[in-house]
Amino acid sequence: MKSTINFFKLKHFVYLSFLALMLTMSCQNEETEIINPSNEDIIEGDSTAANLMLRMASNDGSEDNIVDYANCLEVVLPVTVTANGVTITIQSVADYSQLENILDAFTNDDDQVNITFPITVTLNNYTEIQITSQQELEELIDDCLGENEDDDDIECIDFVYPVSFSIYNTDFQVINTVTINNDEALYNFLEDLDGPILASLDFPVTLITASGNTVIVNNNQELEVAISDADGTCDEDDDYDWNDDDNNCTDENVELNLKECLWDISNYNNSNVFSDYYIDFNTNYEFSVLNEAGNIIHDGSWSVTQDGAIITLNFTTDWEDLAGDWTIVNCDDEDEYNLDNGQITMQIEQDCTVSNNPLGCLEANDIVKCDENNDGLETFNLYEGLSDIDGCTISSPVQVSFHETIVDAETNVNAIPNVTAYSNISSPQTIYVRIEVLNNPSQFEILELGLILEDCSLNCTASDVNSYLQTCVWNVVNLNGSDNLLNFNLTFEDNADIAITDTDNANSYNGYWNVTEETSGEIILELANISGPNIQAISDYWSLIECDSDRLKFENASGEYLILEQLPCYTEADLFNTITECDWTVYSYINTGVDQTSTYAGQTFTFNENEFVYAVEGETVNYGSLSAENTASDQLVVLFAMQGTSSGLGGYYTVTSITEDYIIFSANGTTLKLEKECNNTTDGDVDQIQNWLYDGVWQITYSTMEGVDNTSDYSGITFNFSAEANIQANNAGTITNLQGEVVRDENNNLRYVINYLGIFPYWQMDDDWYITEVNSNRLELHHVNNDNNNEFVFVVEKM
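FYI, in numbering that gives the first Met the number 0 the residues of the sequence shown are 0 to 798.
Please keep in mind that the hints were generated in silico from the structure rather than gathered at the bench. It is possible that part of the hints are untrue.
[Said to hold, decoys possible] Estimated spans, in silico, between C-beta atoms of each pair:
no., residue 1, residue 2, range
1, 454, 496, 33 to 39 Å
2, 269, 304, 24 to 30 Å
3, 224, 99, 33 to 39 Å
4, 485, 420, 39 to 45 Å
5, 181, 362, 40 to 46 Å
6, 62, 304, 31 to 37 Å
Here a beta-carbon is modelled for each residue, glycine too, at the ideal position from N, C-alpha and C.
Model the full structure from these sequences, guided by the hints.
Structure representation (structure tokens):
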């Protein structure tokens, strides 16, 4: 039930073997070259130069942060992912741009990237590990440093390959020359450089920085300086924003950012003398400088120019403190620009919380519609894309026009005539909205609204819906805007019955369901005869309007909505990882509508990974088994088989809920809800007896059944006892597995419970025995708590 995966660094073994071979071969040469390099040129395993090169050559895991959100590992391509409902296979690094386009297509989604497992990831040291689930991946990610935290890898400089190393022995004899062609080979070479093997880099070598400049070094000292100086001089792209690698430092982007909001002069010549001033960059390339009261104290015109990588912001104004050309020193942050005019530095920060713009009370929003005919064309009312900003008032009336290009909007030509019935020309499409002050057209702003068409056709059939609903358990997450039915778990059974469990009180209900497809293609879910309170509200005929394998949205004739979402599909591991943590009691047991909780309220159950279960109530010890498996529809079904006073709980169940404190089994109107009971105390006697049994091989030296000696039934059979309630019988090589556990009942009696109803002679051992005598070498068991009673006796001794 549990598995352990061990990883062996085979590449190190292979490389060391290769190195040893080179040593052997060199010893066969008749002549040996003596170089005698200086100590400064030798690179030892833990030297400064070796560590710097190791950091420079380590695998950078940030290139695929758009997929895994982790800097210390890299997903091996190809990998299949799903984002915003679109599934793509990423074959190469170039395909990350395709994923970025999908994520950027909409601004009103959560941009979640779902990976199709299994995948293989490469760690910083180039070790490859196979990952089979998101949970396994997140466990690896937890060991990574977080977003933009300082890490060991050096990404701002690299070798221009190939480079070569001379290998020496301790007598400075050249025994080999190794040529390195990439970072991985360099990393493995340096990591294995240890012991009697010494190396020197064959200079000169060329390095290249992130900016494209080359550096030639001639010795280790120059190499160390070059790498150290380059460390941290570039954007290592260790954040999780896939857009940050887009080139935002262009004159067009700077212009767009400046026009968006007001800009606060947060620092001027290393002082806050103008920190209460705001610059308003108008779309007509005029600007105003405002004070806190919103009064204009300076004005003029502005422009942005670009010459290669240099971007210049020019102010034409009478205000000498601002006038002239300012070089934008850093524009990676779109909300903050650092400027320099050669004598003075200035920092401006975008502030969208203040406004002196009489036009700024409207905002544009995307209009999303269904593409009814799947032809990419629909009719839009463009006014639906404009909305008022709450709490905003304007001082002057405005007029609005809509345009297909930004040039038309800025020059106020070719306004769209049929604004309430506009036919789009592409999807998505941007419409430019010109808002200008009435009777003053020189004062205007441009807003952008998007026209987006979605494929609203159903991508599933009635058969699909049937299959989806019969997979795992479902919740009513929304009924006409309310989530008050979330506590009901719905299991859609293949006989048209619905098994409904109220997880708040474990009450069980049932109902009827059926899925049909009309001749028009409409898919109808009929829900009827729902017996429980509150949940009865879902009874109706529901037309399917959205379809995913784990989420279904319906609408009835009254326009009300019903949204069903699939709960996680539990596995056998999910169940046993939880149920074996502690003991459990019966929180509630509703049998076909009858509350029978009190019948089992005093019983405490212990579950083992080998499916063995026992329950203690007073001096009574019941036992049995719990087995689990997933059906073809991924529902987790258990067979709970108990004897004695616990037998009434037995039967087949569907696992409908597993939480930290509760587990719910449901079947045909019956619900068993177990509650966790963790007792952190240990029983020294129980532990001692079990440890004695675990130590060594045992045999049955005496046994009676109904007063008749049947010891010979066990002749030649040996027993091994082990943890997790396991007993292994060995009869001349034939292995039989039994279950057994030392238990203390609530009357303080020590018991040994053996569960087995299989082949002879082991079924005779099945009982909740009393331990009447025990030491490190002998265990005597009686059916009744009386060591003088010989009706049923069982003695095992260590061999």
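Going down the list of hints, with the structure as the test:
no.: 1; hint: 454 to 496: 33 to 39 Å; result: holds (35 Å)
no.: 2; hint: 269 to 304: 24 to 30 Å; result: holds (26 Å)
no.: 3; hint: 224 to 99: 33 to 39 Å; result: holds (37 Å)
no.: 4; hint: 485 to 420: 39 to 45 Å; result: holds (42 Å)
no.: 5; hint: 181 to 362: 40 to 46 Å; result: violated (51 Å)
no.: 6; hint: 62 to 304: 31 to 37 Å; result: holds (33 Å)
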